[in-house]
Amino acid sequence: MANDLRAARSYLVDVQNVTIRFRRKRTLGAILGNVPATFRAVAEADLAIARQEVVGLVGESGSGKTTLGRTILRLYEPDDGSIIFEGKDITHLREHQLRNVWRRMALVFQDPLSSLNPRHTVHAALATPLRIGARVNPREIDDRVQAALRRVGLPLDAQARYPHELSGGQLQRVALARALMLSPALVIADEAVSKLDVSVRSQILNLFKDLQAELRISFLFVTHDLHVAKYISDRIAVMFFGRIVETAPTDELFRAPRHPYTRALLSTIDDRDDETVVRRGAVDPDAAGCIYRSQCPRALARCREAHPPTALIGPGHSLACYNPSQ
Amino acid sequence: MSNQTLSIAGSAGPSANVLQVDGLDLFLDAKGRRLHVVRSVDLDLRASEVLGLIGESGSGKTLTGLSLLRLEPEHAEITARILRIDGANLLAATRAELRRLRGRKVAMIFQDPVGAFNPAKRIGWHARQVISLRSRRTHGRATGWRAAALELLAEMDIPDGQRVLASFPHQLSGGMLQRVLIALVLAGEPQVIIADEPTTNLDNIVEQQILRLFRKMKRNHGAAFIFITHDMTVAAAVSDRIAVMYAGEIVETGPTREVFESPRHPYTAGLIRTARALQAGVRRLPEIAGEPPGLATPRTGCAFARRCPERMSECDMGPIALARVGATGQVRCLLYRGG
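Chains as they are written, first to last, in this note's numbering: chain A, 1 to 326; chain B, 327 to 665.
It should be emphasised that the hints constitute simulated quantities derived from the structure, not laboratory data. Where hints are given, some of them may not hold.
[To be verified] Subject to a maximum C-alpha distance of 25 Å in a straight line, what follows is the list of computed DMTMM-like cross-link-like pairs (lysine to aspartate or glutamate): (1) A:K195 / B:D438; (2) A:K88 / A:D46; (3) A:K195 / A:D234; (4) A:K209 / A:D197; (5) A:K25 / A:D80; (6) A:K195 / A:D225; (7) B:K431 / B:E481; (8) A:K209 / A:D89; (9) A:K195 / B:D486; (10) A:K209 / A:D234; (11) A:K195 / B:D557; (12) A:K195 / B:E481; (13) A:K209 / B:D486; (14) B:K431 / B:E403; (15) B:K447 / B:E477; (16) A:K209 / B:E617; (17) B:K544 / B:E477; (18) B:K447 / B:E481; (19) A:K195 / B:E403; (20) B:K357 / A:E165; (21) B:K542 / A:D270; (22) A:K195 / B:E398; (23) A:K195 / B:E477; (24) B:K542 / B:D486; (25) B:K544 / B:D557; (26) A:K209 / B:D557; (27) A:K195 / A:E60; (28) A:K195 / A:D210; (29) B:K431 / B:E398; (30) B:K542 / B:D522; (31) B:K544 / A:D270.
[What the hints assert, rightly or not] Cβ-to-Cβ under 8 Å is the rule here; a few derived chain B residues that face chain A: (32) E400; (33) T526; (34) N530; (35) I531; (36) L597; (37) T600; (38) L604; (39) G607; (40) E613.
Just so it is clear, the structure is predicted and the values come from calculations on it, not from any experiment. Note that the Cβ used here is the ideal one computed from N, Cα and C, for glycine as well.
Take the sequences, apply the hints, and build the full model.
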């Protein structure tokens, strides 16, 4: 199945059928209540990112979008499935083997303050990847650091500053500059603008857009904000309780969403208030059948039997639903 | 800084206002430095009116909200000419008087509902506390608390109220807990409810449900609301009037529709332009240059001047008063001198 989801062009990242389980805490309640010992954070996920493509990964909190992003970086090892990066299978590489891979990928976090070492100046934060990752000549380091600051729109005197001396927007610029130090092929941005002040957010979103176009890198933009995803992404994948239920080119997804969950999600940012979405009780990710069926107004009898397979329904548009809209 | 009292649209004199704030200042003591965090804020609120208080982090919107319950932090100092809720003077009230006022005349809904509950007690216990308080006030008995609680929960679109009452807070989702909290706050029948970013931590779909509840609550209960948020679209969805705060000051107020359709302050205009562009799906977002000033940043005139596309030399000369615009709006900007 995975193969026919993919067009002929080569992908930078190809996530195939990936499942990730986390072990639960063995509390007394869990043991007595016969709660499964593991929790499935991501189930049978397929996601491919082309070179120079920006993919938005949207979903609610707990949907597994952050876990999937980190799994692509191989901060987690999948329990099932495979991750192909630049044509190479990195699914089960050991840490020392991953070092080469990590030079080609970078992560930008939601909270830049906690992702930067408070005792390191901006210069140190930006120079470290060069020293460790690329063994750059020390004389060259200052030039590269200054170039990186210019690239993200920070003044050169920022390099002597410590993180606590910078504002939220400046910190996120530093985090982005650091992510780009080794010229990665892929940047994963995890809610990278969610904590920023409203009046600063558009500056950083525009910076992401400019740098992506200038450096021709691929982005995976993990966000719960549909407007942000729409603005930045070429394609959007929608996750619900660990499953990618629909992936489509951005315009198409907003114009003609097919999965009932995508429709529900998009109705929340519509001005129309008529499409009432009701969250109907809890979702049991371990129950058989479609993950969305307990919430779904279009559920059929067969939706109770198995989660629908993901099928390609148009160029770059895949869907996991037995009874989609239209 | 002008401290003229704002009279708000169609208010029939001060007696009609359930909340009166005139010239509220709040100072924070930070390592010997006195930071002026809320700057001569005036607010008036009539029964069943919803005011959207918009601002970014550090704008003073949350501290303004906390001041209205006299829950400001210990190292803060409040001064005001008037701070009244339903006739009660909050500036002169003793601790015991304040405790009686909270929950009955004025209540608060926080961003994180978990902190509002005792983790060791079931929801039913919390409901009973609130409802028996109300019964005592009306000299009734609390025997019917369960029925009353179920009714309130049902109104918040919680169908399985029995199960919820028997649950501990940690057993409920964030959205469910926020709904329970709103139900319990309503049970106290306060005149003024201050909701501080009540949907910010919630998922999109749950957020929409809660916002719908707020609209319903406004219709069914007489309470006045202050809805504190950083999100323009959320404010637009629930508010009758908007007040925009920047760096401790209210820079613009007016009826929601008017503010959204013709924002006057360059900061408000910038925020709305960005929110609109993001919704409309433009190729490139309009930006507001620079970043908000820090709390300790000294200022001589308009706090927004550094970032303002309309900056004039007079903007830095001295404090700028709120000026009347339109029928009931006000704006703190020299572009609107003389209305």
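Pairwise hint evaluation, D46 of chain A against K88 of chain A, where the allowed Cα distance is 25 Å at most: Measuring from Cα to Cα gives roughly 16 Å; hence the hint holds.
Proposed proximity, E477 of chain B with K544 of chain B (alpha carbon, max 25 Å): Holds. K544 of chain B to E477 of chain B sits at ~17 Å (cutoff 25 Å).
Holds or violated: K195 of chain A to D210 of chain A, with C-alpha atoms at most 25 Å apart: 21 Å, holds
Supplied contact hint for I531 of chain B, tested at 8 Å Cβ to chain A: Holds. Min distance 5 Å.
Hint consistency between K209 of chain A and E617 of chain B [alpha-carbon to alpha-carbon, up to 25 Å]: Holds. K209 of chain A to E617 of chain B sits at ~20 Å (cutoff 25 Å).
Hinted pair K195 of chain A and E481 of chain B, Cα distance within 25 Å: 33 Å, violated
Proposed proximity, D557 of chain B with K209 of chain A (alpha carbon, max 25 Å): Holds - the C-alpha atoms of D557 of chain B and K209 of chain A are around 23 Å apart, at most 25 Å.
Supplied contact hint for L597 of chain B, tested at 8 Å Cβ to chain A: The hint holds - L597 of chain B has a Cβ within 8 Å of chain A, the shortest such distance being about 6 Å.
Pair hint outcome, K542 of chain B versus D270 of chain A [Cα-Cα no greater than 25 Å]: It holds: about 19 Å lies between the C-alpha atoms, which stays within 25 Å.
Proposed proximity, D557 of chain B with K195 of chain A (alpha carbon, max 25 Å): 12 Å, holds
Given hint E398 of chain B paired with K431 of chain B - CA-CA distance at most 25 Å: 17 Å, holds
Pairwise hint evaluation, D557 of chain B against K544 of chain B, where the allowed Cα distance is 25 Å at most: It holds: about 20 Å lies between the C-alpha atoms, which stays within 25 Å.
When held up to the earlier numbered hints, the structure conflicts with 8, 9, 12, 13, 19, 23, 32 and 33 and fits the remainder.
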